[in-house]
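Enquirer: Take a look at the letters that make up each chain.
There are 2 protein chains.
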Amino acid sequence: MYLRKVFPLVILAAGEGRRMGEVKPLVKLLGLSLLERTILSFNEAGIRKFYVVVGYRKEEVKKHVEEIRKRGIDVETIDNDNWKKGNGTSVLAVRGREKKFFVTMVDHFFEKDVIKDFIENVGRRNTLLIDKEVDRVFNIHEATKVKLKGNKIIDIGKELKEYDAVDTGLFFFNEEIFEAIEEAMKEGNASLAAGVRKLAEKGKIYGHEKKRGYWIDADTKEELRIAEKLILKSIPKKEDGIISFNLNRKVSLKISKWLCNFNISPNLMTILSFLTAIAGSILFYFGKYIYTALAGIIIQFASIIDGCDGEIARLKFLSSPYGAWLDTILDRYADAIMAIFVTYNGWLIYRSIIIWFFGLFSLLAFLMASYSRKEYELRYNKKLEGKIDKLSKRDIRIFSIFIGSLFNKAFEFMVVIAMLHHIIVAIDLARRRK
Amino acid sequence: MYLRKVFPLVILAAGEGRRMGEVKPLVKLLGLSLLERTILSFNEAGIRKFYVVVGYRKEEVKKHVEEIRKRGIDVETIDNDNWKKGNGTSVLAVRGREKKFFVTMVDHFFEKDVIKDFIENVGRRNTLLIDKEVDRVFNIHEATKVKLKGNKIIDIGKELKEYDAVDTGLFFFNEEIFEAIEEAMKEGNASLAAGVRKLAEKGKIYGHEKKRGYWIDADTKEELRIAEKLILKSIPKKEDGIISFNLNRKVSLKISKWLCNFNISPNLMTILSFLTAIAGSILFYFGKYIYTALAGIIIQFASIIDGCDGEIARLKFLSSPYGAWLDTILDRYADAIMAIFVTYNGWLIYRSIIIWFFGLFSLLAFLMASYSRKEYELRYNKKLEGKIDKLSKRDIRIFSIFIGSLFNKAFEFMVVIAMLHHIIVAIDLARRRK
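Going line by line, the protein sequences match chains Y and D. At position 325 of the first sequence the residue is numbered 325 (this note's numbering), and the sequence of numbers has no breaks. At position 276 of the second sequence the residue is numbered 276 (this note's numbering), and the sequence of numbers has no breaks.
Since the hints were derived computationally from the structure, they do not count as laboratory data. Ideal Cβ placement from N, Cα and C applies to all residues, glycine included.
For lysine-lysine, the following DSBU-like pairs were computed, each having C-alpha atoms within a straight-line distance of at most 35 Å:
| hint | chain 1 | residue 1 | chain 2 | residue 2 |
| --- | --- | --- | --- | --- |
| 1 | D | K382 | Y | K434 |
| 2 | Y | K49 | D | K383 |
| 3 | D | K161 | D | K116 |
| 4 | D | K238 | Y | K382 |
| 5 | D | K70 | Y | K382 |
| 6 | D | K374 | Y | K237 |
| 7 | D | K229 | D | K161 |
| 8 | D | K374 | Y | K254 |
| 9 | D | K99 | D | K158 |
| 10 | D | K382 | Y | K116 |
| 11 | Y | K374 | D | K211 |
| 12 | D | K116 | Y | K434 |
| 13 | Y | K28 | Y | K116 |
| 14 | Y | K382 | D | K434 |
| 15 | Y | K229 | Y | K257 |
| 16 | Y | K382 | D | K233 |
| 17 | D | K383 | D | K233 |
| 18 | Y | K257 | D | K374 |
Computed beta-carbon distance windows for the label pairs:
| hint | chain 1 | residue 1 | chain 2 | residue 2 | range |
| --- | --- | --- | --- | --- | --- |
| 19 | D | E159 | Y | L429 | 54 to 64 Å |
| 20 | D | Y350 | Y | K288 | 25 to 35 Å |
| 21 | D | R124 | Y | K5 | 22 to 32 Å |
| 22 | D | F407 | Y | G46 | 55 to 65 Å |
| 23 | Y | K383 | D | N82 | 51 to 61 Å |
| 24 | D | F407 | Y | I354 | 21 to 31 Å |
| 25 | Y | R124 | D | L268 | 50 to 60 Å |
| 26 | Y | E176 | D | E209 | 44 to 54 Å |
| 27 | D | E239 | Y | G46 | 24 to 34 Å |
| 28 | D | F245 | Y | K434 | 24 to 34 Å |
Could you build the full structure based on these sequences and the hints that come with them?
Expert: See the structure below:
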C-alpha cells in the first residue's frame, strides 16, 4: 500500500456571521454544530489534522473545539485578532505552522465524495474546487465567479461578467498564498478572495472540477434549511430497494431528521426497530384478522424505522463496522421470526403439515437472498446489483407480507415472495457462471 | 494503490534429469506436470511472465509449453543448445531478453506464501532464498550450503563444512549474473552454482530468509513422493473446524489426491457433494431407524467430500470467486434441506407442533452462524475466528446429526447443536461491542 501524506484542513471560523444571528460555528444543523459537521465530514473523507481560526467571540468557539478534541480529533485553534479586517488575515495566521494545507469556511458543506476526490487529487499547486455547472448554482449573484484558461484560473471575483465556473470555497494552498494575501492587504483588501486574485494574476492557482455531489455555502438561516435538505437528500442510496426508495426512506428521513436533535445512538435505533418487528410478528400468532392486519402494519412500520439507524449514523458521522454488523444480524433474526409467526398464522388457517414445509422454505429464502449477496461481495469484492436483485430485498419481503396481512393472506403472500427470492438466487448463480 | 513492477520468472528445464526416468518437466505430480505446477504456483503468487529454458528433448517440452500458453499464461521458451555443459548456460541464454529476473528449477516446489514473500521483497540486488532451519532440511548432504555475513552470502557450495543456511534454488538476478557465469565458465565450471559463487566472492549476492512454509528440491522419484506429501499437508487450514481438521480432511485429501489425476472440475465436486447431502437428507423422511442411520452416514460422507472441491482447486490452481461462491450457497441449501428433513423425522416421532418451531429455529441457526461470520468479515475486513466459533461450523453440525442418527435421535442432536449456534452468534455480538 502506498501511503500518501494528507495535509491538514484550516477552517475559517473567525468572522461574525451576522446573518446567522448566533455565533456561526456553534449554530446547529441536524444535531451537530456547523463546526462539528465541517470537521467530521472532512475527517470521514480522510483529513486527520484540523486548525480552527477563531476571532469573533473566540472563547465560546474555543470551548466547543475543546469538546471536539476530547472525542479524539486532532484539532487546534489559532487566534486571529485581526479578524475584522477580512478573512485573508485568518489564512495568514497559519504562517509558521503549516506550509501546505486545505482551507474551507465553517459554513460551507460538501458531500463526502466531493471532498475525497479533492483531497486525493491535489497537493502541490494552489488549487480551488470549482463548480462548472453554473446554471445550477443557488444564489448565483452572490457567488464568486471564476474565469479559466485550461485548468488555470485567470480571473476571480463576484462581479465577473464572463465566467466558466463558481468558487465553492474549498482550497488547497502552499506558502505562496501568504505573500499573495500580504500584497492584497497593501492595496487595502484583506479578504481571502483578494489574495486568491493575486495568485490568479501570477498564474499560480488552478481549478479542480467538482465531482458529482452537493456543495453549499450557507450564509443565512434560509440557506441553512437548504443545506439541511441537500444533506438529507444525499442519504438514499442507489442500491436501496424499490419500496425503501419510494416509500420507507421518505418517512424514515423525517423521523431521523427529528431524532438527530436527541442523543440517540444508531445502535439503539437498530434494537428498537428489531423489537418493533418482533412485537408485530407475535401478533400473527393469534390468527384473528384484526390482529393479523395490525401485525402487518407494525412490521411495515418496523421496516420503515429500520432505516433510521443508518440515517442517523450518516447524518451524525457515527457509522461503525459494529453497527452495520449488528443491524444486519438483527434484520435477519427479525425476518426469520416474522416468517415463523406468519407460518403459524398459515397453519391456523390450513392445519396441514405442508404449511410447515412452506414456512421452512420461506425462512430459508429470506436468509439466502441476503446471504448470497454478502457472499458474492466477499468473493468478488463488489456488490451484486442486478435489476432483479431489487426484488429480493428486505423492504420488498416485508411490504409483501404487510399487504398480504391486510387481505388476511399473509402466509400466501410470504410464500410467493419467498419463492421469488429462491428463483433470484438461482438466476444470479446461473448468470455469473462463465 | 501502489503498483510494483513484477519481474519475470526463468525456469531452468533444459537438463536431462536422469534420476526421474522421463523428461523431467513433463513428469506428473498431483495431476499437473512439474512445469505446469511451477508456472501456476508462481502465477498464483503474482508472477505474470515466464521463460522456460529448454534443451534435453526440447521439442516435447516446447509442445507442452504451447499447451500452457493456450490457457492464457504469458510463457515463452528459450533454446539452450549448450545445456550439456551446465545449467549456468541456461541462465546465460536469457541475456538480451531481460535485465532483472527470478530463476528457479523445474523440480523445486515452494508454498505460495514463501514465493509471495520472496517476490514482494526483492527486486534490486542479486538474492537467493535461503533456509536457515538446516536441521530440518531433507537430504542435507546433497544440499547446497550457504555461509553468511549479515545478509551477504560469502561462500556457497555443496562441500562447505561450516554453513548458516541452505540454498533453496530460488533466485533473483540482475545483469551481474551473466558476467559471473562467464567467469566461472572460463575456469571450466558452467554450473549456475559456480556463477553464484563468483557473485559471492565479489560480495554481490544476498540471502533472503524463507518465510514459514514448505520448499523441496525433488530430484528423484522418492523425493517427488515427499513433495506430494508436503503439498497435501499444506492444504488443511488453521480455520478448519475440529471435525474437519481431525477427520474429514484426512479422508477427503486421499480422495482429492486420487481425483487430481482425472479431469474433474472443483465445481463438479461441489455439485456432487450437494446432491449427496440432499440424497442423504431425503432418507430422514421415512422415519424407520435403518433409513435414519443410513441418512446420517450419507450426510457425513457428503460433509467429507465437501472438502474435495476446494482441495482440487488448490492442488490444481483452479480456485475462482465463482467456485467459492457456488460452494458456499450450495452448502447453505444443503444444510437447510437437511434441517427440514430431520425436522420431519422428529415430527414422525413426536407429532407435536412444537417440533416445527424447533425445526425453524434450527434452520435459522445453521444459516445465521455462517451469515454472522460472513457479515463480520465484510464489515471488519478480517475473519471472525474466536475459539468458540469452531463449534458453529458446518463440520460440527453435520457430525452431530450423524451421531444423533445412529441413536435414532437426529432431531434432538440437531436442536441441541442449533441452539449452541444461536448462543455463539449472540456471544460474538456481545463480545465485540465496545
